[in-house]
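For the sequence shown, the numbering used here begins at 1 and goes up steadily by one.
Simulated from the structure, these hints should not be mistaken for laboratory data.
The model shown is predicted, which means the values in this text are computed figures rather than measured ones.
For glycine and all other residues, C-beta sits at the position ideal for the given N, C-alpha and C.
Check the hints yourself; a few may be wrong.
Cβ-Cβ distance ranges computed for the label pairs, FRET-style [claimed, not checked]:
hint	residue 1	residue 2	range
1	Gly265	Lys46	45 to 51 Å
2	Asn183	Glu143	26 to 32 Å
3	Leu5	Ser393	44 to 50 Å
4	Asn66	Gln297	25 to 31 Å
5	Ser393	Thr323	31 to 37 Å
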Amino acid sequence: MQKFLVDKSGFYGEFGGAYIPEILHRCVTELKDSYLEILESELFKKEFEQLLRDYVGRPSPLYLSNYLSHKHGCKIYLKREDLNHTGAHKINNTIGQILVAKRLGKTRIIAETGAGQHGVATATVCALMQMQCIVYMGKTDVERQAVNVKKMEMLGATVIPVTSGNMTLKDATNEAIRDWCCNPIDTHYIIGSTVGPHPYPDLVARLQSVISEEIRKQLLEKENHAVPDYLFACVGGGSNAAGTIYHFLNDDDVKIVLAEAGGKGIDSGESAATIQIGSVGIIHGCKTLVMQNEDGQITEPYSISAGLDYPGIGPIHANLVTTKRAQVIAVNDDEALQAAFELTRSDGIIPALESAHALAALDKVSFKPSDIVVLTLSGRGEKDLETYFKYESTIH
């Protein structure tokens, strides 16, 4: 698995590393030097597993969708991360990271959020552990995810709207990093995705790998075979995708399909399809594929989905794509909306807009009748209801 996982210097092939201002050097190094020891300690494992079971409600079910299986002529299972406490996969990572922060003696937690699910998950674990919580969120996202903002505030977090750039996830991340630079001693930054300086991409992937660990066990139980033919996941920064594929990276027979946000089309100038239109650059402390102009300035991403509206991609995924281990499909807004309504009407599951991109990608792949496909539903759709209602009114 090593060629797809991080090396000792924090790189996945040519991607990764830690490109950080000097002021952050101490806290990033402190995290890098201690995270593996913490994660591998029996005490941490025991506390983490107990909270995942008793607080989050894991394992999350692996559900065979008769409708999707019939439609695509194979077996399609949905990994139900939407059924976790707080409604998405994000809680797996925030619980793990707050346990790490406690062991490092940190007393103040900061986070960035796009769709608000990571913000809610961070505010939730801060309430659980009684720690101060500050969440940075682009003003655009504050407006389109108002319910999640109210939830974070109800949980005791301070939500700070960010008004720079196009006021979305990238800009929220910029502000969170600025805060961290000003408060490096007492603050732990819970990054919500497999992005940022090393060791964050690896830390987040390891904490989310509980998803693929469960998929293996559940498939063995249901199919007498632990390994699927296909894994599907949506990818913005890439934490749910990393968790879905982590324990299958070395199984060459498992095809990995990642769905990214095509927005209004990859040639429209309004897209977040980083892998299709990005090039090698540095964003938020790591070297990866980035949407940028000829001068290396970040270009503004666009997606109807706040959680995929990011101009970079986790270095783990950039490496999987360049080594051709994973296939990437750009899904536009309308395709994602259509897929969301289809699952809602056929299975009674309202998916998050992010997950709907993965569902729409199923239509772009041809399956054999013997294929077993696992698609991760990264979150539930309550936060996207306003967008769905608006879309429904246009199709009637």
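Right, here's what the structure says about each hint:
Range check, Gly265 to Lys46: about 49 Å between beta-carbon atoms, so the 45 to 51 Å window is met. Checked against the given bound of 26 to 32 Å, the beta carbons of Asn183 and Glu143, roughly 27 Å apart, stay inside it. Against the hinted window of 44 to 50 Å, the Cβ-Cβ separation of Leu5 and Ser393 comes to about 46 Å, which satisfies the hint. A C-beta distance of roughly 49 Å is found between Asn66 and Gln297, which places it outside the suggested range of 25 to 31 Å.
Take Ser393 and Thr323: their Cβ atoms lie about 44 Å apart, and the range 31 to 37 Å is violated.
Of the numbered hints listed earlier, those contradicted by the structure are 4 and 5.
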